[in-house]
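Chemist: Next come the chains, spelled out residue by residue.
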Amino acid sequence: MASGGIYENPVVKWIEYRLPIFSFVDHSLGSGYPTPKNLNYMWNFGSLAGIVLVIMIVTGIVLAMQYTAHVDYAFASVERIMRDVNYGWLIRYIHMNGASMFFIVVYIHMFRGLYYGSYKAPREILWIIGVLILLAMMATAFMGYVLPWGQMSFWGATVITNLFSAIPLVGDQLVTWLWGGFSVDNPTLNKFFALHYLMPFVIFGLVFVHIWALHRFGSNNPIGVDVKGPQDQIPFHPYYTVKDLFGLGVFLIFFMLFVFYAPNYLGHPDNYIEANPLVTPPHIVPEWYFLPFYAILRAFTDDFFVYQIISLGGWLMTAKLAGVLAMFASIILLMLLPWLDRSKVRSSKFRPVYKQFFWIFLADCVLLGYIGGKPAEGAYVLIGQLATTWYFLHLIVIIPLLGILERPRPVPESISAAVTKSAH
Amino acid sequence: MRNTVSSLVLLAAVALGGVVITGSDSHAAGPAIDIPDRQWSWEGPFGTFERPALRRGLQVYAEVCSACHSLELVAYRNLGSIGFSEAEIKTFAAQFEVTDGPDEEGDMYTRPARPSDHFASPFANDNAARAANAGALPPDLSLMTKARAGGADYLHALLTGYEEPPAGFDLLEGMSYNAYFPGHQIAMAAPIYEDGVEYADGTPATVEQIASDVTTFLAWAAEPELEERKRLGIKVIIFLIVFTGFAYALKRKIWSDVH
Amino acid sequence: MSETANPATHSPEGPGEGDDTNRRDFLIVTTATMGAVGAALAAWPFIDSMNPAADTLALSSTEVDLSPIEEGQSITVMWRGKPVFIRHRTANEIADAESVALADLPDPQADAERVQEPQWLVMVGVCTHLGCIPLGQKTGEPKGEFGGWFCPCHGSHYDTSGRIRKGPAPLNLPIPEYTFLDETSVRIG
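Protein chains in written order, with my numbering: chain A, 511 to 934; chain B, 972 to 1230; chain C, 1148 to 1336.
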């Protein structure tokens, strides 16, 4: 039925008059929120990400009730959760695998955006907030991984915090400040615990603004053509609520298969060894969702030709600094996509050349992830450097060129027109 | 239709990518050593620990391994979940001495262990352990099957992998050659030999049997929740499949007028 | 955003419309119920995780060896985070405890109700007024006017059976659940 705040129930009426929450819910995700009618399952991942965020916060808070953030007790407190706390193993494994699930869902969500041009005007701010959410997630996950105080926790923290020393002038001071001491130690752990608890609520706030920005113009759709009228739309409830519910079911099966039957598949055995500052593991690897960025970071060696070029023969900056800057640039650059991509056509459905490059870019990201997990030796180095070069080439050169040079296919007049034309 | 196909391809690509990334093994230093794959009773969705094997494995740990290796994360009372009675646990624990205190005079003292205590460590601290083992630190075994790539398979291979070094191999003083240990030189001498323990249940104590039993015990020690986890998992997955089925039917029904 | 009337939320008209609605309602009710049940089942582990964990429960009882305690001596043991007074009472103390008229007691309780073996008094050493730990366990500490324990915080006096006799405390010192494992050892809790 039409929204508008006319409710029959006297209790509902009383509340609604004082705090219009019912009409708010109805307008934002009820039957009063019109949505393009042609969204495919790639549009499920936003709501999934929101649900995973809630799962992470709930499991995280319950874990925090039992965890001790002190270097002498952290590892043992996590094992106590696994062994002694009722259902502690379940809550810990949900939280641990939930982090991976969060990144899987968000990466798919982002690639959907790249494929269908969801970042284009007028959704630029929506996209930028999304990238900010990604950055906040990465900070949260990085700090969270330190908390169990295993070998990878400690050494991963050491390697990544050490990177900041590459910043000229203030680098070393910055690192000492991050550590709260002269190496990763108790002050660092305690600080990371406090911030790890805080960040998800920052993410929650960013998600609120993200959805607010989304609702300004509503969702994009697979053909990238703006909604022309009510004939192109259906109410979010019950159509997309029920579709999201089904998607949630499928996702939960995938998630729970990991939790119950392969809880440590996505992790690293070395993190079941308590942190030892005197013993470095043979290969320090971050969690899988950081591997592409790790590969970009390590690609910048002294003899990497891109480094030689951008540092003017090694004069402007060290290879270490170049790697750090490139790693951050790989994410920050995404924010500029709406301006890098000038094509008037949104969806890859009507951009056959861009579509090919999209798949190549996706493959390149997967390759970067693969390289990130390998030791920085032999052929892996060169492949990593080529993949890194391609990554930036795609964003800085290919996308802008395509925007100017590509001849897109004819775009349908409207969603309804496209739907009636197709074999549906 | 083409939308669905490209959506599925994207999904599959990301999933495949994820598998490729996570599967890429960067754990071993040097050329990867192939670990023989074994079938363990606790593998698979319906896996369980064989109780007799656990008892024998406990005996092996107590008689052989505990001389050097601690098992600090396991408490004696945990043995109840693998079929030991309260009385048995009490008697077993009382064999071992733990440090307690300080007493009224301010001194630490030792007393027999109780069920609520964690397994007594052979050494007071890491330094004492190193001093007694020519500088090498025997690791705690509570999480060993989770803390090594290859898990139980690797552990078993290691325990049965002691051999003569190949010709030309430079074996350092005090080290032993092991086919599966990374680098092939291990500070621990072969801990298991034929009839090294006399099993209470009369099972012949071959090297293979001893290795298998102690690996089973350590797999339990690392994952005591395993059986409950898999049992609960079946229920959860079945529930979710049924629920998702209904959700799908409902989705199709609601959408029938749009399609 | 354009406001829109919802198209097509009702089933198409025609024969079998009733069946359609019935099937749809069935699906809605079933799915919603399964969802609610699933959510409740999923909530339980989180709530249960806040119950005492296995290691806490393992320490919920303590065994004490009574043989080193001489007659006229008291020891204090920790049990569930609280002090428990165990006193090996002398014959005089037992006689005193047994001879008190119940009418004289603010919290009437016979000595026999408070001990299993008369020479062993086992009670939680937390004053029932506001929770201080009464004095009287060690030689030289004040024992109050009734030869038992004295709480320095607000002046409650307990007798040789640990019963309140004078002062603001309303109840006798609590007796925990305990069992004699044999003549010289007891399990508390």
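One should not assume that every hint holds.
[What the hints assert, rightly or not] The list that follows gives simulated cross-link-like pairs (lysine-lysine, DSSO-like), each with its CA atoms no further than 30 Å apart:
#1 C:K1229 to C:K1290
#2 B:K1061 to B:K1117
#3 C:K1313 to C:K1229
#4 C:K1229 to B:K1061
#5 B:K1201 to B:K1117
#6 A:K854 to A:K701
#7 A:K701 to B:K1117
#8 B:K1224 to B:K1206
#9 A:K738 to B:K1224
[As the list claims (entries may be wrong)] Now the in silico label distances, taken between C-beta atoms and shown as ranges:
#10 B:I1209 to C:N1198: 21 to 29 Å
#11 B:D1008 to C:D1166: 48 to 56 Å
#12 A:P792 to B:R1101: 31 to 39 Å
#13 A:V789 to B:E1059: 55 to 63 Å
#14 C:A1186 to A:S538: 51 to 59 Å
#15 B:R1101 to C:N1198: 39 to 47 Å
#16 A:S533 to B:G1051: 54 to 62 Å
#17 B:D1008 to C:A1190: 55 to 63 Å
#18 C:A1190 to A:S538: 23 to 31 Å
#19 C:A1189 to B:D1008: 54 to 62 Å
#20 A:I819 to C:I1194: 25 to 33 Å
#21 A:D813 to B:E1134: 38 to 46 Å
#22 B:V1229 to C:A1190: 49 to 57 Å
[Unchecked claim] Here are a few chain B residues that face chain A, going by a calculated C-beta distance under 7 Å:
#23 A1091
#24 A1120
#25 M1159
#26 I1163
#27 E1196
#28 L1197
#29 I1209
#30 V1213
#31 A1218
#32 Y1219
#33 K1222
Hints in this document: simulated from the structure, not taken from any laboratory. Here the structure is a predicted model, which means the values were calculated and not measured. C-beta: ideal position from N, C-alpha, C; glycine also.
Chemist: For every hint, state whether the structure bears it out.
Modeler: Consistency of the hints with the structure:
For the hint linking C:K1229 to C:K1290, the alpha-carbon distance of about 20 Å falls within 30 Å, and the restraint holds. Distance hint between B:K1061 and B:K1117 is fulfilled; the C-alpha atoms sit about 29 Å from each other, no more than 30 Å. For the suggested pair C:K1313 and C:K1229, the alpha carbons sit about 23 Å apart, so the restraint of at most 30 Å is met. Simply put, C:K1229 and B:K1061 have alpha-carbon atoms about 25 Å apart, close enough for the 30 Å limit, and the pair holds.
The hinted pair formed by B:K1201 and B:K1117 meets the criterion: a straight-line CA distance of about 17 Å does not exceed 30 Å. Simply put, A:K854 and A:K701 have alpha-carbon atoms about 47 Å apart, too far for the 30 Å limit, and the pair is violated. This hinted pair checks out: A:K701 and B:K1117 have alpha carbons roughly 28 Å apart, not beyond 30 Å. For the hint pairing B:K1224 with B:K1206, the CA-to-CA distance comes to about 27 Å; that is within 30 Å, so the pair holds.
About 26 Å separates the Cα atoms of A:K738 and B:K1224, which keeps this hinted pair within 30 Å; it holds. At about 27 Å, the CB distance of B:I1209 to C:N1198 agrees with the hint of 21 to 29 Å. With their beta carbons about 54 Å apart, B:D1008 and C:D1166 fall inside the hinted range of 48 to 56 Å. As the Cβ distance of A:P792 to B:R1101 is approximately 21 Å, the hint placing it in 31 to 39 Å is violated.
For the pair A:V789 and B:E1059, the beta carbons lie near 38 Å from each other, so the given range of 55 to 63 Å is not met. The hinted range of 51 to 59 Å is not satisfied by C:A1186 and A:S538, whose Cβ atoms lie roughly 22 Å apart. Roughly 41 Å separates the CB atoms of B:R1101 and C:N1198, a value that falls within the hinted 39 to 47 Å. Restraint check, A:S533 to B:G1051: a C-beta distance of roughly 57 Å satisfies the suggested window 54 to 62 Å.
The given range of 55 to 63 Å is broken by B:D1008 and C:A1190, whose C-beta atoms sit roughly 39 Å from each other. With their beta carbons about 26 Å apart, C:A1190 and A:S538 fall inside the hinted range of 23 to 31 Å. About 35 Å separates the C-beta atoms of C:A1189 and B:D1008, a value inconsistent with the hinted range of 54 to 62 Å. Here the CB-CB span from A:I819 to C:I1194 is close to 59 Å, at odds with the stated 25 to 33 Å.
In this structure the supplied range 38 to 46 Å holds for A:D813 paired with B:E1134, their Cβ-Cβ distance being about 42 Å. Look at B:V1229 against C:A1190: about 34 Å separates their beta carbons, and that is not inside 49 to 57 Å. With its C-beta approaching chain A no nearer than about 16 Å, B:A1091 sits outside the 7 Å limit, and its interface hint is violated. Interface restraint check: B:A1120 against chain A, minimum CB-CB distance 5 Å, threshold 7 Å, status holds.
For B:M1159, the interface hint is violated, since its Cβ never comes within 7 Å of a Cβ in chain A; the closest pair sits about 17 Å apart. The interface hint given for B:I1163 is violated, since its Cβ lies 23 Å from the closest Cβ of chain A, which is over the 7 Å cut-off. Against a cut-off of 7 Å between C-beta atoms, the interface hint on B:E1196 holds, since the closest Cβ of chain A lies about 4 Å away. The closest approach between the C-beta of B:L1197 and any C-beta of chain A is roughly 9 Å, which is over the 7 Å cut-off, so the hint fails.
Because the closest C-beta pair between B:I1209 and chain A is about 10 Å apart, greater than 7 Å, the hint is violated. The closest approach between the C-beta of B:V1213 and any C-beta of chain A is roughly 9 Å, which is over the 7 Å cut-off, so the hint fails. For B:A1218, the suggested interface contact is upheld, since its CB lies about 4 Å from the closest CB of chain A, less than 7 Å. With 7 Å as the threshold, the beta carbon of B:Y1219 comes within range of chain A, its nearest partner Cβ sitting at about 5 Å, so the hint holds.
With a cut of 7 Å, the hint placing B:K1222 at the interface with chain A holds, because the nearest CB-to-CB distance is about 5 Å.
When the structure is compared with the earlier hints, violations turn up for hints 6, 12, 13, 14, 17, 19, 20, 22, 23, 25, 26, 28, 29, 30 and for no others.
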